[in-house]
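Can you join these two chains into the complex? Each is in its own frame, and there are hints to help.
Line order of the protein sequences matches chains A and B.
Per the working numbering, the very first residue in the first sequence carries number 1; after that it's consecutive.
Per the working numbering, the very first residue in the second sequence carries number 1; after that it's consecutive.
Honestly, the hints are just simulated from the structure, not real lab data.
Quick reminder that beta carbons are idealized off the backbone N, C-alpha and C, glycines included.
Take the hints with a grain of salt, since some may be wrong.
[Said to hold, decoys possible] Distance windows between CB atoms, simulated:
hint, chain 1, residue 1, chain 2, residue 2, range
1, B, A27, A, G212, 41 to 49 Å
2, B, F56, A, A163, 53 to 61 Å
3, A, A53, B, L43, 44 to 52 Å
4, B, L43, A, G212, 54 to 62 Å
5, B, A162, A, D243, 49 to 57 Å
6, A, D243, B, A27, 30 to 38 Å
7, B, Y223, A, F266, 53 to 61 Å
8, A, G95, B, M225, 55 to 63 Å
9, A, E124, B, P73, 43 to 51 Å
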Amino acid sequence: MPKAGLALAALGLMGLSLGATAQDEARFITLASTTSTENSGLFDAIIPQFTDASDIEVRVVAVGTGQAFEIARRGDADSLLVHDTAGEERFVAEGYGTERADVMANDFVILGPGDDPAGIRDAETVEEALSRIAEAEAPFASRGDDSGTHRAELHLWEAAGVAPGGEWYRELGSGMGPTLNTAAGMDAYVMADRATWVAFDNRQNLELLFEGDEALFNQYGSVRIDPERHPHLKHDLAEQWHDWLLSDEGQQAIADFTVKGQQLFFPNAK
Amino acid sequence: MTVSDNAFSTALALILGLDDTLLGIVALSLRVSLTAVLIAALLALPLGAALALWRFPGRSAIIVVLNSFMGLPPVVAGLTVYLLLSRAGPLGEFGLLFTPSAMVVAQVILILPIIAALTRQQVEELHGEYREQLQSLGLSRRRMMPTLLWDARFGLLTVVLAGFGRASAEVGAVMIVGGNIDGVTRMMTTAIVLETSKGNLPLALGLGIVLLGLVTLINAGAYVMGETARRRLG
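If we strip away everything but chain B, and leave its shape as in the complex, we get (with noise of 0.2 Å):
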């Protein structure tokens, strides 16, 4: 195992030589994925709630439709963001395409049916324990759906997480979008792909142990604050 082995210490190098190329691409991982995840969670949670509460006509359309998004190929949601982005597509004006922007917008496509679909199902589970209680208060659907949102908060961290994860480690959407352009559209993902196209594997896969490094971070802060909150709330 030369290779691990190389990569480990590949690993240890990039992250103790604070170089800052690495830096900046790690930041801008970060801002990406921490962008595209709020504004999806934004969209998803109030829309997946809805789902849960309502009933009309081509509601079990919509609920198969996200479902099935949760597994869109990355890479058919970079073509889609290419096309309409692109200067000949509908949205060329704006001139985001190869910019940070563009990435969000590919990623917020791919995680905001996950956040969607899973808000839907632990919101709906809730609401059918909480109904009558709910109902004796006298609230409106409108007005349960903050409340349901709020009990069903730790479950709902677990769910934007999963999108976190998901736009954090894709690499299909952000290389057609971005363009992976050094100093400026380079993420972890696709700087990892660079290296391993340049044959220097230990390096892509040093690469990779930092970035699961930071994602296991990000997800160990959000599970103690999770924790620390259930505790004292109770």
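Pulled out of the complex, with its shape left as it was, chain A reads as follows (with noise of 0.2 Å):
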């Protein structure tokens, strides 16, 4: 056999002969969950801390709240950890789960130019400061991406009594660090979790301008998924990932996560 086809069957063969050797059957469950968890390095912290402990690996899929939800919905994950109670209720409600429950929480920030053209630094409460970006049509950029902050920062829009829209308003349909890498770009103000922020390198001249209003909460939710819905799905392990999470071990190893010396989770399991 000539030696070009020769080679390139070899460097085939490597491939399958590999791919069979790294689908080990593993004690594992998928869970659902959201870009800030994944992209702050929480889940880095807690994870092997719960696979010590039970011998159970939690594989991450990261992406938005509402691409979290669609994938539990047709059950490719075996648990769900979000950021949108409504919607975890929702989905309990629909019957795709069977309950919910408070993990953590931390709270959203509004972040803008150093020299916030708005003036929302001495504003009093958000809607406050959301008017002001509306009234001098300052550019934000929002997330459009139907995940839980984009949901909140909806919520508070509306609170705020405007609705945005025009010129200065920019919809990216990205995720949060692709949203605050653009928002760096063009000198806009925009939402974030605190996590994200904290952990955001790419930060240019965006600085924290308001923070603290009690309608910034963000709290994150655990959810099992209904087993009569989806039988196949690991719901033994998912169980025990759920209960670790809401257990004394589970909330301490949350509020031992810190990045550059800040907490950015508060464990607030009833």
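Here it is in structure tokens:
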């Protein structure tokens, strides 16, 4: 057989044989979660502790909350950890999940260019801050991707009595990180969860301009998938993960996670 | 250019550090893309040759479809494979979603049209040149196929490399069907997207340089192999 063909076949076979060994049957669950938890490094910190305790590996698919719900609805994930309490309750009410539980919380912050053209630094409430951005028609970068953060942002605009639109309001249809990259590039205001912001490196002129309003509270919840709807899923293992998150060990692991000396998620399981 | 300076030193540090995580990501990228290229080539080379040699109704339509699928957006291929492999989809029971196998399937769909369409073109040209010779030997079309594929081998090596390039460079499909799971389905391209979204641009670009270096090495290997064979065999 000719050399080129031989070498090509050898390369391919190598690929296939390697492929066979990689599919070891391990005890694992697939967790659909959000980019904020993954990008901040939370999972890298807490999952090894859970795996040590339970011998269960957790494979995280980190996507926007809207997509995470869709993955779970189709039966492609064993467990769900997202931040859209209303959406989670609807998910349970529609019969896809059996229960949801508060796991942890942090808050959203409003970022913008350091010279703050809309003057939101001294705003009293988040509604006021958003109204000032709208009045000044200062560029605002919105996630626009039906994620938990995007849904929260839309609620806040509604509360501020502003229907955002026009030249200044830019819906990016991107994840939190790409949205921050874009906002930094075009000196736009942007709302982000604190965890992603603290862990984010490419800040350029972006600064934290507004924080601390109760309306910016950001609750994360763990949802158990309904075993009757998706019997093929690993419900026993997923239950151990869910229970561990709510246990003292899990809550402590979340509290112990810091980035640049800052605690990013505050455990609040009941 | 502080960013790219950092990126080059980051890339160098990545390569010299031989970090286990990076090695795992590189190995997975190569494994998935090479497997996809092998499978796609095994299917597409005969398919392309057959399209070049046989005349049948609907042939032009198949050629047009293949040609246009060379431009299939990876994210569309990914979404299609996702819907097929999802538990709620027709092939859901195999549980392949979010595994390297799912990424191979998506990449095969992406590169099969490229290899088939370019093979058809190469073999058709060669067939035009040698037709009378081959016919005087009394060869049937089926017997001509391996002969023509073999004679076109140097051109076809480039075709297969084009497929490999597409496979190793794309991110849209593997992101959706693989899920970018740390240690399981994280490849070079999805790791680059992840680091970009963390705002860690030097590391993202550094990974990009490593990927480019790898692809260059493979192409250089294929080139040297092809040249040596060409000289020896005339």
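Outcome of the hint check:
1. B:A27 x A:G212: 41 to 49 Å: 47 Å, holds
2. B:F56 x A:A163: 53 to 61 Å: 59 Å, holds
3. A:A53 x B:L43: 44 to 52 Å: Once the Cβ atoms are compared, 46 Å apart, the range 44 to 52 Å for B:L43 and A:A53 holds.
4. B:L43 x A:G212: 54 to 62 Å: 60 Å, holds
5. B:A162 x A:D243: 49 to 57 Å: 51 Å, holds
6. A:D243 x B:A27: 30 to 38 Å: 35 Å, holds
7. B:Y223 x A:F266: 53 to 61 Å: 57 Å, holds
8. A:G95 x B:M225: 55 to 63 Å: Between A:G95 and B:M225, where Cβ atoms are some 58 Å apart, the hint holds.
9. A:E124 x B:P73: 43 to 51 Å: 47 Å, holds
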